[in-house]
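There are 4 protein chains.
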Amino acid sequence: MSATMKAWQVSRWGLANLKVVEREIPRPGPGEVLVRVRAVSLNYRDKVAVEGHEAPYGTPSPYTPCGDLAGEIAGVGPGVEHWSLGDRVSANFYTRWLDGQAAPDMDVRLNALSVDTQGVLAEYAVVPAPAVVRAPASLSMEETATLPVAGVTAWSALVTLGQLKAGQSVLLLGTGGVSLFGLQFARMLGARAIVTSRSAEKLERAKALGATDVVDTSRHPEWASQVLELTGGRGVDHIFEAVGGDSYRQSVAAAAMGARISTIGFLGDTEFTVPIGRLIVRRIVIQGLSVGHRRSFEDMIAAIDLNGLKPVIDRVYDWKDVPAAFGHLERGPFGKVVVSINP
Amino acid sequence: MSATMKAWQVSRWGLANLKVVEREIPRPGPGEVLVRVRAVSLNYRDKVAVEGHEAPYGTPSPYTPCGDLAGEIAGVGPGVEHWSLGDRVSANFYTRWLDGQAAPDMDVRLNALSVDTQGVLAEYAVVPAPAVVRAPASLSMEETATLPVAGVTAWSALVTLGQLKAGQSVLLLGTGGVSLFGLQFARMLGARAIVTSRSAEKLERAKALGATDVVDTSRHPEWASQVLELTGGRGVDHIFEAVGGDSYRQSVAAAAMGARISTIGFLGDTEFTVPIGRLIVRRIVIQGLSVGHRRSFEDMIAAIDLNGLKPVIDRVYDWKDVPAAFGHLERGPFGKVVVSINP
Amino acid sequence: MSATMKAWQVSRWGLANLKVVEREIPRPGPGEVLVRVRAVSLNYRDKVAVEGHEAPYGTPSPYTPCGDLAGEIAGVGPGVEHWSLGDRVSANFYTRWLDGQAAPDMDVRLNALSVDTQGVLAEYAVVPAPAVVRAPASLSMEETATLPVAGVTAWSALVTLGQLKAGQSVLLLGTGGVSLFGLQFARMLGARAIVTSRSAEKLERAKALGATDVVDTSRHPEWASQVLELTGGRGVDHIFEAVGGDSYRQSVAAAAMGARISTIGFLGDTEFTVPIGRLIVRRIVIQGLSVGHRRSFEDMIAAIDLNGLKPVIDRVYDWKDVPAAFGHLERGPFGKVVVSINP
Amino acid sequence: MSATMKAWQVSRWGLANLKVVEREIPRPGPGEVLVRVRAVSLNYRDKVAVEGHEAPYGTPSPYTPCGDLAGEIAGVGPGVEHWSLGDRVSANFYTRWLDGQAAPDMDVRLNALSVDTQGVLAEYAVVPAPAVVRAPASLSMEETATLPVAGVTAWSALVTLGQLKAGQSVLLLGTGGVSLFGLQFARMLGARAIVTSRSAEKLERAKALGATDVVDTSRHPEWASQVLELTGGRGVDHIFEAVGGDSYRQSVAAAAMGARISTIGFLGDTEFTVPIGRLIVRRIVIQGLSVGHRRSFEDMIAAIDLNGLKPVIDRVYDWKDVPAAFGHLERGPFGKVVVSINP
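Protein sequence lines correspond, in order, to chains A, B, C and D. To convert, note that position 239 of the first sequence is 222 in the working numbering; the numbers rise steadily by one, no gaps. To convert, note that position 120 of the second sequence is 103 in the working numbering; the numbers rise steadily by one, no gaps. To convert, note that position 307 of the third sequence is 290 in the working numbering; the numbers rise steadily by one, no gaps. To convert, note that position 157 of the fourth sequence is 140 in the working numbering; the numbers rise steadily by one, no gaps.
Treat the hints with care, since some could be wrong.
Repeated chains share a single entry, so a pair holds when one copy, or any two copies, can fit it.
Unchecked claim - The calculated DSS-like cross-link candidates involving lysine-lysine, where the alpha carbons are at most 27 angstroms apart (straight line), are: (1) Lys30 with Lys293; (2) Lys303 with Lys30; (3) Lys148 with Lys293; (4) Lys30 with Lys2; (5) Lys190 with Lys303; (6) Lys293 with Lys(-11); (7) Lys303 with Lys2; (8) Lys190 with Lys293; (9) Lys303 with Lys148.
For the record, the hints were derived by calculation from the structure and aren't laboratory data.
Looking at chain A on its own, in the form it has when it is part of the complex (with noise of 0.2 angstroms):
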C-alpha cells in the first residue's frame, strides 16, 4: 500500500473547518491494529467534538472525527493476535471496556475511539485490537458503520441494561439512529414499540419498519397522555430519553409500574426535573448510560445476523461530500447517515 492517505481533519474546531488532508498512513503499534476504511457513520457526538466541545477529554488537534466504522484489518501490531489481514470489523466506542461493569474511573479516562484518540473519517485508522469486533457476516460495510454508537446504545439500553421481556412495550422519542434501532430491537425481542415524531411522513416510515403504534406530537404535544391511552392506562415499559429537560415531566407520566427510563442524551436541555412522588410509587429506574461494552456489540451482531436485522441508513455520501453528510445531520434524518469510502 501507499505511504499516504487522506484523511478529513479540523485544525481549528468547527464544522467550517473540516479539510480533506494527505497524511502518512500510520502504523499499529503494540496492541493495535490498522484498519482500512470503507464507511464511516455520523453521531450527533462527531458534531459535537468538531466543534471543540469534547477538548476536555482529551481530543487530538488537528483532529480527524468519528468513531463509527466499518473496514478491513490491513495490518496488525506486535502482540495482536484473532485477526488477520482482510477480516471484515468494526469497532467499540470504548477500546477498553470488553464486558461487565465500567471501570471506576471510566468517567475520567474515556478510552473512547476519536473523543481522546484520532477519530476514523480517513482511508485508515489505528484502533486498540480489545475493540475490535468482526463485522456481521449479513450486513454491507455502509450497514455496519452504522452500529458501534447507535446500534450499541439501543441494544444496551434494552437487552445488557433492561432485560427488556417480550409482551414488554418500548417508547422511543423521534426517529434517530438510536431511536429506529430500538424500535427494530423491540420488535425482534417480541415487544411492543410505540414511536413519536412530529413528521406524519417519518411515523409512516416507522410503521412500515414494524412500529407497533405511533404518536404525532404536531397534533399531540401532550404524548404522554396519548401513551397512556395506547396502554390502556398503564404506561410502557421503557422509554428512550435523548432530550432532557421538559420532556422528563412527560416520560415520567408515561411510564409503567417498574418502568426504566433510559437516560441516553441532552438534544433539548443539559438537565432534567422529576416530580419525586410519581418516581416513588411507580417504581421508575433513571438510568443514565452511554453507548456499551464490546460483548454488548458482539451479542447485538449475533442477534443480528441471526434475524437478517438491517439497519436503516437515510442516505450514504461520497467520501467527498462529508460536509453534506453533517448537513443531513443536523436537519434530523430518519436513521442514520452515513460516508461510504472508496467503495
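Got chain A sorted already, so can you dock chains B, C and D onto it with the hints?
Then chains B, C and D, alone, in the frame of chain A:
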C-alpha cells in the same frame, strides 16, 4: 376478651384532633387476622396521613393512624391457615405484595396498611393475613414495631434492589429511621457507611453504631466534596435520597461510576433536578421506591435474628403520650419513635 | 345452572379406571372462584397422577385429574375481588405462588392444581382466586388450555430464569408440548431454535413452525456432535432437559460456555450423571424447575397476545373421548392434546 | 538486578522431579509486566499440573509450577500503563478475563497463569498486564498470595454468581482454602456458615473463625440429615461442592428451596449423580465454576481491606522447603499453604 377497645383516632384531619376513642373490637373477615397490638412505631407519613394528605388514596374517616405494628395473633378469619393464637407477629405495609414485581396498578390500588385501610394505633387491629410475618425471635415488641416501613425500605433499597456488595459504600443523609437501618444493614453486609448530619452529637452516635465515616453538614454544606474526598475521588456506590430538590445535585456529584441513588422520600422538595451529562458518563441509576414486599421483610428478619442486629429506638412513649410522640417525630429523632401499648 | 355436573374420575388409581360420574357442582369458598370449564389440556403428569404416583403430595381420592383449564367465571366466593361472571380465564398450576421466589416449603406444601386439590376435568371446577389469570384475548379456549403447564414451564425456563437474549440458541429435545413452546418462544425472542426428534416428519413440522435447525436422532443418536457442528463448535446456550439419564452426558457436551440446562422432567430416567470437569470449565448451570409463578403466566399471555403466537395443538378430543386423548398422550403427540368440554 | 534468578522447575512430570534451577530473568514483552515474587501459595491443581495432567491445555515443559503470587512490579513491557516499579501486586488466574461473562472459547483458550504459561514459583515472573491487581493494603505478601485461586473462587461463588444475602446459609464441606474463605466471606456478608470436617480439632478452629455451626462427619457420615436438623428442615441456601460423586446426593438432600450448589472441584470423583425429582421440586441450581474474573478479585480486595479480613494460612514455608509444602498440601491443610520467597 372484652367487646370494646381503645383506639387513637381523628374525626377531622389534623394532628391536634387526635383523640382516644372507645370502639368495638373489629372481627377478622375471610382472609384476615386480628392482632392484639403491643407496640407501634411512627413514620413521617403517619403525620401526613393524619393531616389528610393521603385521602386521595382512600384513607377512611374517622381514621386511626399508623401501620407499623407488633403484637400477637388474637383471632383468625375464615380460610386463614398458618397462624395460631398468641403468635408474635408484625405486618407488611403493602398487604398484597408478597414478592417479585409490584402489580401494574399498585400505584392506584395501594392495598397498604393505614393508607386505604384503618390503621393500627389501637389495642386491636385487623390485618389481611397475606401481610402477616412472624416477629424476629431476637427482638422485643417495641423493636419489632420499628421494622415494617423504615426497616423494609432500607432493606429493599440496599439488598432486594441494590444488591449491595461487601466492600462497597453507602451514603446515608441524616439520622432518621431509614438512614440508621441503612447504616446498620450496610455494616452487616460488609459495606462502608458514610453518614451526614448537621448535629455533631448525632454523628458521634452514628459512629458508635458503626458508621465508617461521618460528614458534619453544618460545617460542610457542600457535603458532596467531602464524600468525594473520603472516597479518594471515586464517589459512593449507593445513596439514600429522602430530601429531594437541590440535594440531588450533590448526590449526583457524590455518586461513583454505576452508583445507585434510591429515591425514598421528599422531605425537602417534591421534585429534583439533575445534570444529564454526569448521569450518563457515570452511568448512575436513580431508583424510585416505597417500602417493599413481604419477602423482603422476611429476609430481613432472618438477617436480624442471625446477626443480632438491634434497631435504634430514640424513645418509647406510653399509650397516653401519642401526641408527644408525634411531636418528637417532627423534631427529627435519632432512629425510631415507638408507642408501647399495654405492655 | 343445574345442581349437578359431569366429571371424569378415578376411584381406584389407574388410567383404565377413568369414568364419567355425576357430582354436585362445587361451591366456591372464601377466596375461591367457580369456573365453567371449556377446555382442558393433558400433561404427562396427569397420567402419573391418575396412576396414583402423586398420592404422597396429598392427591384426593376419588380423584378428578388435570389442572390445565380454560373457562369462564361462573361464581365467586366470599372476599374475592377482580373477577366477574363470564370472564374468560385460566389458572396457574401453583395456586399460591404469585411472583418472585418459591416459598421455602413449596416442595412439601405444593398448593398445586390437581396435585393436592381436585382436578378440573369436569364441567365445573373450583379454583383458588390467586391462581386465576385472564385468558389471552387472541386465543380460543382450546388454545388457552394448553398454556398453564407446558407454556409456563417453557416461559419460566427461557425468560423468567434464563433471560434468553436475541441471538442466543436453544436446544429442544423432542417435539412435545414444552419443547414446541420453547421453540416458538425462542423464535419470538429472536433466538435460534434447534430441535431434535427421531421422526423426520415431526422435524419437518418443527421447521414449518420456525425451527432454525433440526437434528434427526434416528440418524444421529450422538446428537451432541451434530449440535456442536451446527454451532461451529461453540455449543448451545440453553437446553431443555426432560429426559434424564444418559441424555445429560450429551447435553453437557452440547452446552456452550455459560450455558443453562433447564431440568424439567425425567421421562427417561429419575437421575442423571455428569462429568464435573466440563461443567466447571464451561461454567454450565443446571437449573431444576417446575412450571412457575402467576406473574410468568401473565407476562407470557401479554407476549402471546402481542405477537399473535398460536400454541400447537396436535388434536382436540371430545369430552367423551378422554381415554383416547390419554392414549394419544402416551404415543407422544406433536404439541398438545386438548379435551373440549361443551363447546 | 542480576541477570539470573532461581526457579523451581520440573523437566519431567512428577512432584519428585521438582528442582531449583538457575535461569535468566525473563523480560516483559508488549502488554506484560515483570514481578519480583515475594510469596506463592499452593493449590491442589498445582500438584495436578506438576504431574503433567494439565498438559492438554498447553502447559510448557520444562515447567515452573504455581500461579498464586504476591510481589512487586520490577519491570513493565511496551504499551503498559498504570503500573510503576515497586507497586505491590497480585495477579488474576485468568489473565484475559476482566469482567462479565467468560469468553465463548475460554474452555480451550484458557489464558491462565501457570496452565498455558510458565508458573511463578521463582524469584521473578512475567505476567500479562491485564491480570495484575493491586495487593490489599491491609495484607502481608504471604496473605496476599493466598487470594488468587482460593479467595476468588469463594468470592465468585458466593458474591459474583451467588449474590448471597445476609440471613442466608452456606455449607462448606471441609476446611481447605476455598472452604475457609467461604466461611469468612459468609460471615462478613451477614450469612450463616456451617462447616463439615472429619476432625473435631479442625471444627474447633472453624468455630473460632466464626463458623455458626459445625458437623463432625466422622460421627455423622450422613451429614445431610444433620444439616437439615440444624436448619429446621429447611436446608441450606448455598453449598460449595469440591468432592463430587456420592457427596452430591447428600448435597442435594441438604439444599433448601432455590439453593445453589457451586461445583468447584472433583477431589473425590470426576462425576456426580443426582436425583432429578428433588432438583425440580426444590428448584436447585448447580453451577459449575472455576476461579473468576479480575473484577471479582478487585471487589474482594476492597471488601478485605474494609473489613480487616485475614486469610487463614496453615503454614508458611521457606523457599527451600517447597517439597515439604507440597507434602503438607497433600495431607489436607487447614486453610492455605504458602511459600515465602526472599522475605
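A quick look at each hint next to the structure:
| no. | hint | in the structure |
| --- | --- | --- |
| 1 | Lys30 with Lys293 | within (25 angstroms within a copy, 48 angstroms between copies) |
| 2 | Lys303 with Lys30 | within (17 angstroms within a copy, 64 angstroms between copies) |
| 3 | Lys148 with Lys293 | both (22 angstroms within a copy, 18 angstroms between copies) |
| 4 | Lys30 with Lys2 | within (14 angstroms within a copy, 63 angstroms between copies) |
| 5 | Lys190 with Lys303 | neither (33 angstroms within a copy, 48 angstroms between copies) |
| 6 | Lys293 with Lys(-11) | neither (30 angstroms within a copy, 56 angstroms between copies) |
| 7 | Lys303 with Lys2 | within (10 angstroms within a copy, 68 angstroms between copies) |
| 8 | Lys190 with Lys293 | both (15 angstroms within a copy, 24 angstroms between copies) |
| 9 | Lys303 with Lys148 | neither (43 angstroms within a copy, 40 angstroms between copies) |
Checked against the numbered hints listed earlier, the structure breaks hints 5, 6 and 9; every other hint is satisfied.
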